[in-house]
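Colleague: Listed below, chain by chain, are the residues.
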Amino acid sequence: MNKADVVVIGGGPAGIEAAYNLARDNHKVVLVEKEEEIFGHMQTAYTLFPNFQDASEIRSSLLQKTKHGNITLYNNAEVTQVSRENDFWRVQTINGLDFIAPAVLLASGFKTFDARYKEELGYGIYKGVITSVEFEEMLKVGKIQTANGEKPRRIAFLNCVGSRDEKVGNHYCSRVCCINAVKLSIEAKKQLPEVEAYCFYMDIRMSGQFYEELYRKSQEDFDVNYIRGRISEVAPTFDNRLQVKCEDTLSQTPLKMTVDLLVLMIGIEASEGTARIGEQVGVNGEYNFSKSISLHTADNKTKHRGFFLAGTCKRPLTVPETMADARAAALEIDLYLKSLSQ
Amino acid sequence: MKDLGFSISQSRTIDLDKSDLSAYRRVVEKVPSAKLCLMCGACTATCTARNHTDFNFRKVHLLFRRGQFEGLAEELDKCMLCGKCRLVCNRGVNTRAIIYNMRIILENLNYKSIK
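For the record, the sequence lines run as chains A and B. Going by the numbering used here, the residue at position 159 of the first sequence is 159; the numbering climbs one at a time, nothing skipped. Throughout, the numbering used here is defined as the position within the second sequence, counted from one, plus 342.
Please note that the accuracy of each hint is not assured.
Derived DSSO-like pairs (lysine-lysine); straight-line CA-CA distance at most 30 Å [stated by the list, open to error]:
1. A/K167 - B/K372
2. B/K426 - A/K256
3. B/K426 - A/K127
4. A/K189 - A/K256
5. A/K143 - A/K217
6. B/K360 - B/K372
7. A/K167 - B/K420
8. A/K111 - A/K65
9. B/K401 - B/K454
10. B/K377 - A/K167
11. B/K401 - A/K256
12. A/K111 - A/K190
13. A/K303 - A/K28
14. B/K360 - B/K377
15. A/K28 - A/K3
16. B/K454 - B/K360
17. B/K420 - B/K360
18. A/K190 - A/K140
19. A/K256 - B/K377
20. B/K426 - A/K167
21. B/K377 - B/K401
22. A/K291 - A/K303
23. B/K420 - A/K256
24. A/K338 - A/K3
25. A/K111 - A/K143
26. A/K127 - A/K190
27. B/K372 - B/K420
28. A/K291 - A/K111
29. B/K401 - A/K167
To be clear, the hints were calculated from the coordinates, so they are not data collected in a lab.
Extracted from the complex, chain A is given alone in its bound form (with noise of 0.2 Å):
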């Protein structure tokens, strides 16, 4: 059995910045990610909204971080069980390590929603329909291409895909599918000008800083449609392409359309990871999305001392908000550990 200060479970955004905020305040830090690779979904990311920033930035600086003296970093660790072992918390994984510290962060994140439940919108049946996710790793490659490897001539953006969805049981809204199709279409705009961006919408929810800047400039520079009305049927046309449908609620008339690609703005769920420790842990709130003892004053902490929550296996939030809650949560612990050795 190791000893450490904390153990940090996650090697994603808010693992790391979690873990190198408090390996910079002296405490001994174990990371432990079920990948190989470390950065959870930030592996993916192309650029972040709403600056465009490149993630591979993103990705170095974080590289960088977790190379702190303090921090040993364990990939392909799944955890398997976490329990408490008197005044300490003990959590082992799946490739046999064993630690034993005062205090843990769980930072084991989210997961997309499996866009196969929606099957109305065939994804898994016909190949022009995407996910954002597999969207964002064409624009990564440079190469936005239909399934027979053609430049498409008309993509169109699905958002709420697994969110606000009583029939796969998430009610919810998660947050970030609005302007990451945003972001998405001024991205396919900018790698072939000559395609034609549609995004269908329920509501347009531009809540963030430079948001609606973002919105605005979509429509301004790049020539974004935005159709009010969710998408419900998808069927394939003689030549492959897709035909979606829908009704164009604001001139209150069905309407249809053939593109190439429909990409689904797949909305963000509790990892299996964040559903499994929260249940053995007893943190587990709405959705499976782990639970903090007050939203408002006290998010980091939980009902049991020393277990602490950081980033989106809370709830959805943009990268932004979740590097700024792990900062957070490694102050909350650092005062903890330091209340022990008073």
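Since chain A is already given, all that's left is putting chain B on it; use the hints.
Modeller: This is chain B only, laid out in the frame that chain A set:
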């Protein structure tokens, strides 16, 4: 007065002070999920009656909610109550039951459709 060939047209404003909003409350009593509609139009887009008519459930539902009953009975006759709209509704609204109840209420209010 001399007829100059002009007439006063009906107001095109929805006057909520003068609209009968109680009818919709009766729909909501029978079908509480009606309150959840956020007017996304998924129902209208997937409607089977829509292939042959200009039926627009979302629009009819909204006009009924606002107490604008004129012509709605005829519109509602276009629905075959197949329930496909209910399958795609992401708010779990029992669309078919709303149509059924709107029909009954309109009938009681003497808004007859031309059959």
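Colleague: Does each hint hold? Answer for all of them.
Modeller: Hints versus structure:
For the proposed pair A/K167 and B/K372, the alpha carbon gap of about 21 Å is at most 30 Å, so the pair holds. Of the pairs offered as hints, the one joining B/K426 and A/K256 holds, with about 18 Å between alpha carbons and a cut-off of 30 Å not exceeded. Annotation: proposed proximity of B/K426 to A/K127 holds, straight-line Cα distance about 25 Å (limit 30 Å). Straight-line distance between C-alpha atoms of A/K189 and A/K256 comes to about 22 Å, which keeps the hinted pair within the 30 Å bound.
For the hint linking A/K143 to A/K217, the alpha-carbon distance of about 24 Å falls within 30 Å, and the restraint holds. At most 30 Å may separate the alpha-carbon atoms for a hinted pair to count; B/K360 and B/K372 meet this at roughly 24 Å. For a cut-off of 30 Å, the pair hint linking A/K167 to B/K420 stands: about 27 Å separates their Cα positions. In summary, the hint linking A/K111 to A/K65 is supported, as the alpha carbons are separated by about 24 Å, within the 30 Å threshold.
Among the hinted pairs, B/K401 with B/K454 is consistent with the structure: their alpha-carbon atoms are about 19 Å apart, no more than 30 Å. A hinted pair counts as satisfied when its Cα atoms are at most 30 Å apart, and B/K377 with A/K167 qualifies at roughly 17 Å. Between B/K401 and A/K256 the alpha-carbon distance is near 18 Å, which keeps this suggested pair within the 30 Å criterion. Of the supplied pair hints, the one linking A/K111 and A/K190 holds, its CA atoms being roughly 28 Å apart against a limit of 30 Å.
The suggested pairing of A/K303 with A/K28 holds, with an alpha-carbon distance near 24 Å, which does not exceed 30 Å. Using a Cα cut-off of 30 Å, the hinted pair B/K360 and B/K377 holds, with the two alpha carbons roughly 22 Å apart. Taking the CA atoms of A/K28 and A/K3, the gap is near 9 Å; set against the 30 Å cutoff, the hint holds. In summary, the hint linking B/K454 to B/K360 is supported, as the alpha carbons are separated by about 21 Å, within the 30 Å threshold.
For a cut-off of 30 Å, the pair hint linking B/K420 to B/K360 stands: about 28 Å separates their Cα positions. Restraint check: the Cα-Cα separation between A/K190 and A/K140 comes to about 13 Å, which is no more than 30 Å; the hinted pair holds. Using a Cα cut-off of 30 Å, the hinted pair A/K256 and B/K377 holds, with the two alpha carbons roughly 28 Å apart. Of the supplied pair hints, the one linking B/K426 and A/K167 holds, its CA atoms being roughly 14 Å apart against a limit of 30 Å.
Proposed proximity of B/K377 and B/K401 is supported: the alpha carbons are some 15 Å apart, at most 30 Å. Pair hint A/K291 plus A/K303 holds up; C-alpha atoms about 9 Å apart against a cutoff of 30 Å. This hinted pair checks out: B/K420 and A/K256 have alpha carbons roughly 21 Å apart, not beyond 30 Å. About 17 Å separates the Cα atoms of A/K338 and A/K3, which keeps this hinted pair within 30 Å; it holds.
A distance of roughly 25 Å separates the Cα atoms of A/K111 and A/K143; the hinted pair therefore holds under the 30 Å criterion. At roughly 23 Å between alpha-carbon atoms, A/K127 and A/K190 fall within 30 Å of each other, so this suggested pair holds. Restraint check for B/K372 and B/K420: the C-alpha separation of about 22 Å stays at or below 30 Å, so the hint holds. A hinted pair counts as satisfied when its Cα atoms are at most 30 Å apart, and A/K291 with A/K111 qualifies at roughly 17 Å.
In summary, the hint linking B/K401 to A/K167 is supported, as the alpha carbons are separated by about 22 Å, within the 30 Å threshold.
Consistency with the previously given hints is maintained throughout, with no hint failing.
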